[in-house]
Amino acid sequence: MSESDFILQAEEIYKSYRMGATRVKVLKGVDLEIRKGEYVAIVGASGSGKSTLLHILGALDRPDKGVVRFEGRDLSRYGNGELNRFRNKMVGFVFQFYHLLDELSVLENVYLPTMVSKGVLGWFGCRRWARNRAKELLEQLGLAERAKHKPYQLSGGERQRVAIGRALMNEPNVLLADEPTGNLDSATGNGILNVFEKLNQAGQTIVMVSHDDRVAQRAARMVTLADGKISRA
Amino acid sequence: MYKIILAIRYLLKRRIAYFAVLAVALSVFIVVVVMTVMTGLVRDFKQKNHQFAGDCVVSTESLVGFAYYEDFIKILEQEDIVEGVSAVVKSYALVSPEGTERNVGVEIMGIEPVSHSRATGFGQTLYNHRDDVSKAFEPACDPNLGGCVIGIDMVLSRDAKGKYSYDSDPIGRGLVISCFPLTAKGALAKVSTGLVNTKTFYYSDNSHSGLARVDSSMIYLPFEQAQMMCGMGGPVKRASGIHIKFKPDVKPFEGCRKVASLWENFRQEKANESYANLLEKVTVQSWKDNRRAFIAAMEKEQMMMTVLFGLVGITTVFIVFVVSYMIISHKSKDIGILKSIGVSNANVMMLFLGFSFLVGLLGSAIGVVGGWRFLVHINGIEEWLYDNFGYQPLWDRTIFAIGDIPNTIDFKVLGVIILSAIAACLVGGLLPCRQAAKQKPIETLQVSQL
Numbered sequence: 003m004s005e006s007d008f009i010l011q012a013e014e015i016y017k018s019y020r021m022g023a024t025r026v027k028v029l030k031g032v033d034l035e036i037r038k039g040e041y042v043a044i045v046g047a048s049g050s051g052k053s054t055l056l057h058i059l060g061a062l063d064r065p066d067k068g069v070v071r072f073e074g075r076d077l078s079r080y081g082n083g084e085l086n087r088f089r090n091k092m093v094g095f096v097f098q099f100y101h102l103l104d105e106l107s108v109l110e111n112v113y114l115p116t117m118v119s120k121g122v123l124g125w126f127g128c129r130r131w132a133r134n135r136a137k138e139l140l141e142q143l144g145l146a147e148r149a150k151h152k153p154y155q156l157s158g159g160e161r162q163r164v165a166i167g168r169a170l171m172n173e174p175n176v177l178l179a180d181e182p183t184g185n186l187d188s189a190t191g192n193g194i195l196n197v198f199e200k201l202n203q204a205g206q207t208i209v210m211v212s213h214d215d216r217v218a219q220r221a222a223r224m225v226t227l228a229d230g231k232i233s234r235a
Numbered sequence: 002m003y004k005i006i007l008a009i010r011y012l013l014k015r016r017i018a019y020f021a022v023l024a025v026a027l028s029v030f031i032v033v034v035v036m037t038v039m040t041g042l043v044r045d046f047k048q049k050n051h052q053f054a055g056d057c058v059v060s061t062e063s064l065v066g067f068a069y070y071e072d073f074i075k076i077l078e079q080e081d082i083v084e085g086v087s088a089v090v091k092s093y094a095l096v097s098p099e100g101t102e103r104n105v106g107v108e109i110m111g112i113e114p115v116s117h118s119r120a121t122g123f124g125q126t127l128y129n130h131r132d133d134v135s136k137a138f139e140p141a142c143d144p145n146l147g148g149c150v151i152g153i154d155m156v157l158s159r160d161a162k163g164k165y166s167y168d169s170d171p172i173g174r175g176l177v178i179s180c181f182p183l184t185a186k187g188a189l190a191k192v193s194t195g196l197v198n199t200k201t202f203y204y205s206d207n208s209h210s211g212l213a214r215v216d217s218s219m220i221y222l223p224f225e226q227a228q229m230m231c232g233m234g235g236p237v238k239r240a241s242g243i244h245i246k247f248k249p250d251v252k253p254f255e256g257c258r259k260v261a262s263l264w265e266n267f268r269q270e271k272a273n274e275s276y277a278n279l280l281e282k283v284t285v286q287s288w289k290d291n292r293r294a295f296i297a298a299m300e301k302e303q304m305m306m307t308v309l310f311g312l313v314g315i316t317t318v319f320i321v322f323v324v325s326y327m328i329i330s331h332k333s334k335d336i337g338i339l340k341s342i343g344v345s346n347a348n349v350m351m352l353f354l355g356f357s358f359l360v361g362l363l364g365s366a367i368g369v370v371g372g373w374r375f376l377v378h379i380n381g382i383e384e385w386l387y388d389n390f391g392y393q394p395l396w397d398r399t400i401f402a403i404g405d406i407p408n409t410i411d412f413k414v415l416g417v418i419i420l421s422a423i424a425a426c427l428v429g430g431l432l433p434c435r436q437a438a439k440q441k442p443i444e445t446l447q448v449s450q451l
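From first to last, the protein sequence lines stand for chains A and B. Per my numbering, the very first residue in the first sequence carries number 3; after that it's consecutive. Per my numbering, the very first residue in the second sequence carries number 2; after that it's consecutive.
In short, the hints are calculated from the structure, not lab data. Keep in mind that a hint or two might mislead.
To be verified - Have a look at the derived ranges for each label pair, beta carbon to beta carbon:
hint, chain 1, residue 1, chain 2, residue 2, range
1, A, Glu-147, B, Leu-312, 51 to 57 Å
2, A, Ala-204, B, Ile-9, 34 to 40 Å
3, B, His-331, A, Asp-229, 22 to 28 Å
Virtual Cβ for every residue (Gly too), placed ideally from N, Cα, C.
With the sequences and hints as input, model every part of the structure.
Written out as structure tokens, the structure reads:
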């Protein structure tokens, strides 16, 4: 398998946090490789460092030690502007608690990443396209009727689908999902996992974090994080 | 674009933001009203002083006056920058209403009314002879008698609304005026014959300059009469000053500089004349410098008010700081979300500074409109308060020589107030915005932070 087949590579990742007077080592040399088009689930007990690893893979956090490569390029060598563009265009995050902006409508939340990537003039140039793309995504996610609603008017499952729409808006290379069903009942969670499966079948690379084995089993590959290391891949 | 949309939504959907807008509006309202009234008072006062003095004054503080003024007036009249020139005699006198024993100390000014009206705004201050100033010293009772123009506050009283009652205009009243004539060397001129020059003048008009001190203690006399009364007549006549008005296209500063240069040459030419020493004490001043003693006090008050209202601005900064801090504290999750989709630190800061800017803009707009509406009706409101409750909040018109409350909006001042308010809001929001920009997304998005 060649280097170019991997979209994300993590080598010897270490990360620790200060908790009061002590320093908690969360990741103790994690190695992980994600291939293009792969659907990977990272599982582990609560506090095992799954979310930390996901945040490091998505450049929301920096490792204390180790290298994360995106399409072969070391993320630590990215400048601030490049990192912002990376978060905006290359990855899409889906969080357990949806993290939508209450001040914006569902439609606005979905096209927000495109708005962020453009200046005022640039936005006026692509506004129509962005709105149409956001509407298409909402339609695919079964939320066409909810476009004008505010996030607090939606159910948990609907909010998570809006968050998925937002994550997909800029057609990212990788979708990073942190406990996407953790806050949903099993039926609604299944619905979200079905969406992920469909996206993966369409070629979308997905890295999902879950503490629930049953959820993780829906992914094509499952890696287990225990004691700060990948124990089973 | 998202920064504008989010800043507007944060402003509209957070009730606390309304308080910040209200605080800014209130501050701007107060500053607009006070600064407009204060600036109006100062502007009005300066304008009246300008009208009283003309553009430039060549004068001496000495009661002896200075000689050769006629020669200098001839030089001035040849200059194409000069529109009007008026020689004056200034001194002090005792005045007794005819037939009474009581007397009062006053200032007298000897003028030639036509030339003085050309050089200053004197003609416009008259009541009876405004249309024909040449007759300013002709009493209505008998034009052949020696007339005098009296400061309005010496003869008429104001009602509570600041209006003079002309029904009691003392036409034809005789005033016995006594002066102490001085020689060119400053000695009393009539040591051997009784010291005082006394003459009866008859009230011909009143002068309402709007300057309290002038209107309450100044009596204008015909120039030659005043000259004789003060001992400035004779073979080498003397005057106390020359008031000059420049043509409209001449800048007062440049005009005064030209007059100063002419005066310097003139003084050197007259250096060998017998009364040359009197010319040394003569100064050439712009109207502002000439009236500095009166204007400076008002300007200081205005400056003090500006400083005091600067403190109001500091309060606004603090309020916006607190509100921005509270809003940003509540919006830390949003900051994490925005950063997770690629918003830079600078843009996070700009978003919240945009919020502070909107608070300033909206607050200023409300404050300015409110202040403007209040100022438009301020005199009506005061009149209503007086008519219904007998209350005059600003000043008692029977005592102070100020009529209506000045309410002309100075758009330059308005612009400065609006910009200052917005700047104050940006300063207030700066620190919380910096903190927002520094927040790490991962810390704000953690489950424990929600």
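Structure-based check of all given hints:
For the pair Glu-147(A) and Leu-312(B), the supplied restraint of 51 to 57 Å holds, since their beta-carbon distance comes to about 55 Å. Between Ala-204(A) and Ile-9(B), the C-beta spacing of about 37 Å keeps the proposed range 34 to 40 Å intact. Distance hint check: the CB atoms of His-331(B) and Asp-229(A) are about 38 Å apart, inconsistent with the given range 22 to 28 Å.
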